[in-house]
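*Asks:* Per the numbering used here, the very first residue in the first sequence carries number 456; after that it's consecutive.
Take these hints with a grain of salt, some might be off.
What the hints assert, rightly or not - Ranges of calculated distance between the beta carbons of each label pair, as one might list FRET restraints:
#	residue 1	residue 2	range
1	L561	E680	24 to 34 Å
2	D681	R633	25 to 35 Å
3	D502	I652	24 to 34 Å
4	D641	K751	18 to 28 Å
5	I569	S705	27 to 37 Å
6	K523	D699	44 to 54 Å
7	I488	M625	55 to 65 Å
8	E482	I569	24 to 34 Å
In case anyone wonders, no lab produced these hints; they're calculated from the structure. Glycine residues also receive a C-beta, built at the ideal position from the N, C-alpha and C atoms.
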Amino acid sequence: MLQIPYLRENKDLIVERYAKRNLDAAETINQIIALDDQRKSTQQSMDQDLAEGNALAKQIGALFKNGKASEANELKEKTKILKEKSSAEKTKLQEIEEAQLNLLYLLPNVPNEIVPNGNSDADNKIVAEHGEEVKFEFDALPHWELAKKYNLIDFELGVKISGAGFPVYMGKGAKLQRALINFFLDEAEAAGYSEVIPPHLVNEASGYGTGQLPDKEGQMYHVGEDDLYLIPTAEVPITNIYRDVILKESDFPIKNCGYTPCFRREAGSYGKDVRGLNRLHQFDKVEIVQVQHPSKSYEALEGMVKHVASILEKLGLKYRIALLCGGDLGFTSAITYDFEVYSAAQNRWLEVSSVSNFETFQANRLKLRFKNEEGKTELAHTLNGSALALPRIMAALLENFQVENGIKIPEVLVPYTKFDKID
RNA sequence: GGAGAAAUGGCAGAGCGGUUGAAUGCACUGGUCUUGAAAACCAGCAUACUGAAAGGUAUCGGGGGUUCGAAUCCCUCUUUCUCCGCCA
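Input sequences plus hints: build the corresponding full structure.
*Replies:* What follows is the structure, encoded as structure tokens:
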């Protein structure tokens with residue numbers, strides 16, 4: 456959520472940047488500012504009436520103490536009028552604030568200057584590419600066939616137990632999955648991230664804090680009975696650790712990582728490219744989260760990008776990095792780099808990580824602040840990234856490392872899997 | 001799930017209808033003293049909105065109510081603790 460003083464002072468710039476998202480928000484911003492003017496004037500007159508009422512109450516108290524009941528009762532009449540007035544003003548104020556908040560919820564984060572214009576992933580800018588293409592001298596199989604051939608993942612069984620998009624990992628498939636989680640967590644820890652195991656269900660306030668609500672309501676599983684949401688990413692519970700927190704400057708940098716399953720309804724995304732592990736309702740992910748001083752957040756973003764790149768290099772996967780264009784940029788993000796690995800049998804790029812700087816957008820909702828050098832509270836910056844999402848890594852590993860009679864395990868994973876080949 | 005108790009500032013803990021944004025202690029920050037440190041003493045120390053400032057307003061778990069006036073009374077929700085039941 457954007458801050459109103461920021462909207463006031465940078466209206467033209469914001470409107471210009473929103474063009475990257477193909478969004479014309481000039482009118483909305485004007486409305487918000489107009490409501491804010493109303494809010495201020497209403498607040499002022501209400502405060503004034505309340506102040507008068509408070510002063511009268513004091514006088515009445517003093518009069519009663521001195522036994523001047525009739526004078527006190529006269530004053531009571533006055534307070535009655537003031538009270539009616541101030542309560543009407545309070546109602547009006549609440550209406551204004553609600554209207555304003557509803558408009559503010561419509562505004563996405565302001566894209567960073569370097570975010571390219573564009574409508575779809577076709578307009579994303581590839582900023583780096585690394586690794587060798589895999590060549591096969593036999594007919595390479597897509598991962599869902601490999602998974603079946605070597606008994607690694609049973610998709611039909613998942614359908615039976617839960618439904619489509621809930622695969623069952625078995626045997627060496629399960630071991631490989633667990634190996635990847637541990638490898639990713641160890642890499643994160645080595646990079647200075649402190650591990651947390653957060654709850655997998657979150658309340659409404661947490662959903663609002665990181666921006667999944669009210670925007671993406673339909674994308675989360677909702678447990679109605681208890682009014683809880685299954686997390687779509689560890690970003691939600693981990694970032695919400697810092698909701699309503701005032702940090703000291705010396706607390707920076709805050710770096711957390713965590714493994715969780717992620718649950719996504721993926722409503723409306725059936726159809727193409729959903730075979731196998733490409734798109735699931737439940738998947739595993741190791742997430743890295745940072746809370747940063749505003750002056751350090753872009754440096755931190757760069758560090759996160761390097762971290763993700765280094766993991767992919769250790770695994771020996773060909774990857775590329777895309778700077779998302781405005782049209783593809785998430786609602787809460789100011790800038791996002793997507794990582795895609797090349798899936799050699801499907802012959803396509805699979806998104807495996809998304810690294811974003813939210814600047815103050817989440818912090819504003821979270822009330823995540825710090826005391827700056829002058830002792831004033833200021834919003835912190837939040838960032839996060841997948842490091843990494845498991846299914847598509849699994850898919851790429853199976854496909855890219857298949858040999859004629861099995862699948863090789865990348866060297867860095869062997870200490871975790873305790874086997875170096877699936878056959 | 002049943003019965004009871006409680007929720008106050010960073011922490012501990014007073015206050016239980018009036019001038020209390022809140023005693024006191026600890027912690028923290030600045031100062032005096034000291035060769036330095038400790039101790040002692042003095043001062044400061046919540047958040048938000050608003051205002052050029054002085055100041056004003058709101059907040060004692062959340063919401064609502066009673067009252068001229070609520071941290072204090074009532075209702076409700078949430079959370080925590082104790083006991084019983086159930087249970088990985």
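*Asks:* Against this structure, judge whether each hint is valid.
*Replies:* Status of the hints after comparison with the structure:
1. Checked against the given bound of 24 to 34 Å, the beta carbons of L561 and E680, roughly 30 Å apart, stay inside it.
2. A C-beta distance of roughly 29 Å is found between D681 and R633, which places it inside the suggested range of 25 to 35 Å.
3. Distance hint check: the CB atoms of D502 and I652 are about 46 Å apart, inconsistent with the given range 24 to 34 Å.
4. Here the CB-CB span from D641 to K751 is close to 25 Å, well matched to the stated 18 to 28 Å.
5. The hinted window of 27 to 37 Å between I569 and S705 holds, with their beta carbons roughly 31 Å apart.
6. At roughly 47 Å, the beta-carbon separation of K523 and D699 lies within the given 44 to 54 Å, and the hint holds.
7. Here the CB-CB span from I488 to M625 is close to 58 Å, well matched to the stated 55 to 65 Å.
8. At roughly 27 Å, the beta-carbon separation of E482 and I569 lies within the given 24 to 34 Å, and the hint holds.
Hint 3 alone, counting from the list given before, is not met by this structure.
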